[in-house]
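**Student:** Chain by chain, the residues run as shown.
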Amino acid sequence: MDAERRDEALTASALDGEIRAALDVDPSPEFLARVRTGIASEPARATSRLLWKFVAVGAMAAVIAIAAVVSRSNEMSSMFPADRMPLQARTVAPFSQIVPVASGFSRTERSAEAFALRPAAHQPPEPEILIDPRESMALRRLIAGTREGTLDLSAALQATTPTTMDLPPLSEIAIPVITIDPITPEAGDEGARQ
Amino acid sequence: MHDQAVRLAGSLIGVEPELEQEFEVRLVESSTLAFRVAFSVLRHRQDAEDIAQEAFVKAYRGFRQLRDRDRFRAWLVRMTWRLAIDRQRNDRRRTSREQENAGPPIPPAETATEAVDARERAEHLWAAIDTLPEKLRVVVVLSNIEEHDIGDVARLLGLPPGTVKSRLFLARQRLKEQLQWMLSDETRR
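Heads up: the sequence lines are chains G and Z, in that order. Take 299 as the starting number for the first sequence in this note's numbering and just add one per residue. Take 2 as the starting number for the second sequence in this note's numbering and just add one per residue.
Chain Z on its own, in the form it takes in the complex (with noise of 0.2 Å):
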C-alpha cells in the first residue's frame, strides 16, 4: 500500500527527464551567478553556498511551472538575493563574527605591505556598499557580476533600462563618497 502510494505521488510530481536536462544547463551555467550574488550580501563563502544552493532547490521546485523558462536566471537572481538579506538579518552576528574572522577576500598581492593595502581597500569598499540602499545595491552588485551591462541587469531586476541607468549613477555617486570620506578620515588618523 505505501510502496504504491509512493509510486503514484512520484509519478504525479517526478520531473521529466527533458525537464531534468535543462535544468541541469541551467544549474552549470548560472551557480557562479547564485554564489556571487549570495556573496555580494554575506561576505561568507559557505553561508553563499549554502543560500546559493537552497534558491537552486527552490528553482528546481517551481521550474516545471515556470513559464518563461528564458527568465530562469533573473528568477534566481532575486530569489537568492531575497534568501541572502533574510540570513543576514536573521543571523547578523554570526556574519560580522566571520568578517572580522576572514575578512573579505582579497586581491592577488606581491608584497605583504601590498596585501594589508588590498584587504583595507576591501574592507572600505565592503562597507561603502553596505551602507547603499538595498535597491542601489543589488543594482551596482549585479553590474559588476559576469560583466552584466545595464540591459543585462535590468533584464535580472525586471526594471526598466533607466531606472537601472540612473540608480547605478546614484550608487557610484554614494560609493565614491563614501570611499573619499573614509580614505580622509584614515588619512586624518
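Isolated chain G (complex conformation) (with noise of 0.2 Å):
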C-alpha cells in the first residue's frame, strides 16, 4: 500500500517534473528592452487619443449648436409665415377697435382682454373667418344699437313673412273645350296590306 502510494508520488512528482522542464524556456535577452520600448511609446499614443478625443468632442458640440439654430429658425419662419401676414392684415381689425359683444362668430365671442393677455404670435395657427368689413361693421352696430336701447327694432319683430303670394279667384279661369276629330282612313281597301 505504502509502495503504491510511493508509486503514485513519483509519478506525480516526474509528470511534474516533466512539465517544469517544458516550460523552462525563458524570454529572448531583448523582450525586456522590447517591452520597455512599447511602454515608452504608450503615453504619446494616449495623448493622440485623447486629442482626438478633444476633437470628437468639439466637432460634436459644433453640430449641436448647428442644429439648434437651424431648428430655431424653422420655428421661427413657422410662427411667421409670409403668406400670412396679409391676410391677417385684411381680415382682422386692430383690438382696439373690436367692440366686445357676443355674437355666432368665433373671433368676437372674446373680449379685448382675453386677446390682450394672448399675443397674436403665440396663438396657434387656425384658419381665418373672411367677412366683409362693412357686413362686419354693419352687425356690429346693430347688436350694439340693440344692446344700447338705441335701436328700436319692434317693427322689424311684428314684421310677419308673406307666406305665399295672392291668386286670383278660380272663376275668372277660362278653360276652352276640347274636341277630338275622328281620323279619317286614306283611300283605299280596308284591311289591304300596304
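I should point out that these hints are in silico values taken from the structure, not numbers from a laboratory. We put the CB at the ideal spot given by N, CA and C, even for glycine. It is possible that part of the hints are untrue.
As the list claims (entries may be wrong) - The calculated SDA-like cross-link candidates involving lysine to any residue, where the alpha carbons are at most 20 Å apart (straight line), are: (1) 177/Z / 311/G; (2) 136/Z / 160/Z; (3) 59/Z / 74/Z; (4) 166/Z / 309/G; (5) 177/Z / 312/G; (6) 177/Z / 319/G; (7) 59/Z / 340/G; (8) 177/Z / 321/G; (9) 177/Z / 132/Z; (10) 177/Z / 318/G; (11) 136/Z / 178/Z; (12) 177/Z / 314/G; (13) 166/Z / 311/G; (14) 136/Z / 314/G; (15) 166/Z / 148/Z; (16) 166/Z / 312/G; (17) 166/Z / 134/Z; (18) 136/Z / 318/G; (19) 177/Z / 315/G; (20) 59/Z / 339/G; (21) 166/Z / 310/G; (22) 166/Z / 79/Z; (23) 177/Z / 313/G; (24) 177/Z / 120/Z; (25) 59/Z / 331/G; (26) 59/Z / 332/G.
Said to hold, decoys possible - A few chain G residues that face chain Z, going by a derived Cβ cut-off under 7 Å, partial list only: (27) 310; (28) 313; (29) 314; (30) 316; (31) 317; (32) 318; (33) 321; (34) 330; (35) 332.
Using the hints, build the complex out of the two chains.
**Tutor:** The structure is reproduced here in C-alpha cells:
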C-alpha cells in the first residue's frame, strides 16, 4: 500500500518535473527592451487618443449648436409665415377697435382683455374667417344698438313674413272645350296590306 | 495650439515617476512569468513574447487604476492567459505550423537518441496538456512555473486553495491517463 502510494507520488512528481522542464523557457534577452520600448511609445499614443477625443467632442458640440440654430430658425419661420401676414392685415381689425359683443362669430366672442392676454404671435395657427368689413361693421352696430337701446326693432319683430302670393279667384279661369276630331282613313281597301 | 493641446493631454495622462519606477520593478520581476504563461498556451517563443509584451502594455495603461498593487501578478497572469488563448484561437493554423517546424523546447540531452526521446516525451506531454479543459490547464501550468505552491496559484487565479488543489489533482490524473494511453499506443505500434 505504502509502496503504491510512493509510486503514485513519484509518478506525480515525475510528471511535474516533465512539465517544469517543458516550461523552462526564458524569453530572449531583447524581450525586456522590447517591452520597455512598447511602453515608452504608449503615452504618445494615449496623448493622440485624448486629442482625438477633444476634437470629437468639439465637433459634436458644433454640430449640436448648428442643429439648434437651424431648428430655431425653422420654428420662427413657421410662426410667421410670409403668406399669412397680408391676410391677417386685411381681415382682422386692431383689437382696440373691436367692440366686445356676444356674437355667433368665434372671433368676437372673446373680450378685448382676453385677446390682450394672448399675443397673436403665440396663437396656434387656425383658419381665418373672411367677412366683408362693411358687413361686419353693420352687424356690430346692430348688436351694439340693440343692447344700448338706441335701435327700435319693434317693427322688425312685428313684421310678418308673406307665406304665399295672392292668387286670382278660380272663376275667372276660362278653360276652352276640348274637341277631338275622328281620324279618317286614307283611300284604299280596308284591311289590305300596304 | 497643437503643442498646447499635446502638453495638456500629456499632463493629464502622464504617469508619475514613482509609478514608472514601480512598474519597472514589476516588469522585471514578472516578465518571465508572463512569457511562460503565454508560452504554455502558444508553444512558440516569438508569439509568446508578443503576447507578454501586449499584456505588459495593457498593464501599464491600467496600472494607475490598479488599487491593490500586490495583485499585479495575478492581474498580469490572467490578462496574459486570456490574450494567449485569444491569439491561439485566432491563429491556430500558424501555431500548428510552428509546432511542426520548431517543436516544443527539448530538455538538454547527451546523445542523439536521448534527444529524440526527449522530443517525443515533450510532444506527448504538450498533447496531453492540450486535451485538458482550460481551468485545469491553467492550474497545472501555473503550479509548474516558478515553483508556485497551491496558495500562490490560488492567489494568482483568485480561487480558493481547496479549488486549486482539487483541480490540480484532477489535472494530474487526467494527464497521467493521457500519457499512459499515448505510451501504450506507441508501444503497440
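**Student:** Given the hint that residue 166/Z pairs with residue 79/Z, test it: the Cα-Cα distance must not exceed 20 Å.
**Tutor:** holds, 18 Å
**Student:** Taken at face value, is the distance from the CA of residue 331/G to the CA of residue 59/Z at most 20 Å?
**Tutor:** holds, 16 Å
**Student:** Verify the proposed pairing of residue 177/Z with residue 319/G, using a straight-line Cα cut of 20 Å.
**Tutor:** Given that 20 Å is the threshold and the Cα spacing comes to 16 Å, the pair holds.
**Student:** Is the Cα-Cα distance between residue 177/Z and residue 311/G 20 Å or less?
**Tutor:** holds, 11 Å
**Student:** Checking one constraint from the list: CA of residue 59/Z to CA of residue 332/G, max 20 Å. Satisfied?
**Tutor:** Holds, because 14 Å separates the two Cα atoms, which is no more than 20 Å.
**Student:** Has the given pair, residue 166/Z with residue 310/G, been kept, meaning a C-alpha gap of at most 20 Å?
**Tutor:** holds, 14 Å
**Student:** Could you check if residue 314/G really has its C-beta closer than 7 Å to a C-beta on chain Z?
**Tutor:** holds, 6 Å
**Student:** Given the hint that residue 59/Z pairs with residue 340/G, test it: the Cα-Cα distance must not exceed 20 Å.
**Tutor:** holds, 10 Å
**Student:** Under the criterion that the straight-line Cα-Cα distance not exceed 20 Å, is the pair residue 136/Z, residue 318/G satisfied?
**Tutor:** holds, 18 Å
**Student:** Report holds or violated for the interface hint on residue 318/G, using the least CB-CB distance to chain Z and a cut-off of 7 Å.
**Tutor:** Holds, about 5 Å.
**Student:** Is the Cα-Cα distance between residue 166/Z and residue 312/G 20 Å or less?
**Tutor:** holds, 18 Å
**Student:** Under the criterion that the straight-line Cα-Cα distance not exceed 20 Å, is the pair residue 166/Z, residue 148/Z satisfied?
**Tutor:** holds, 15 Å
Of the hints listed earlier, there is not a single one the structure fails to meet.
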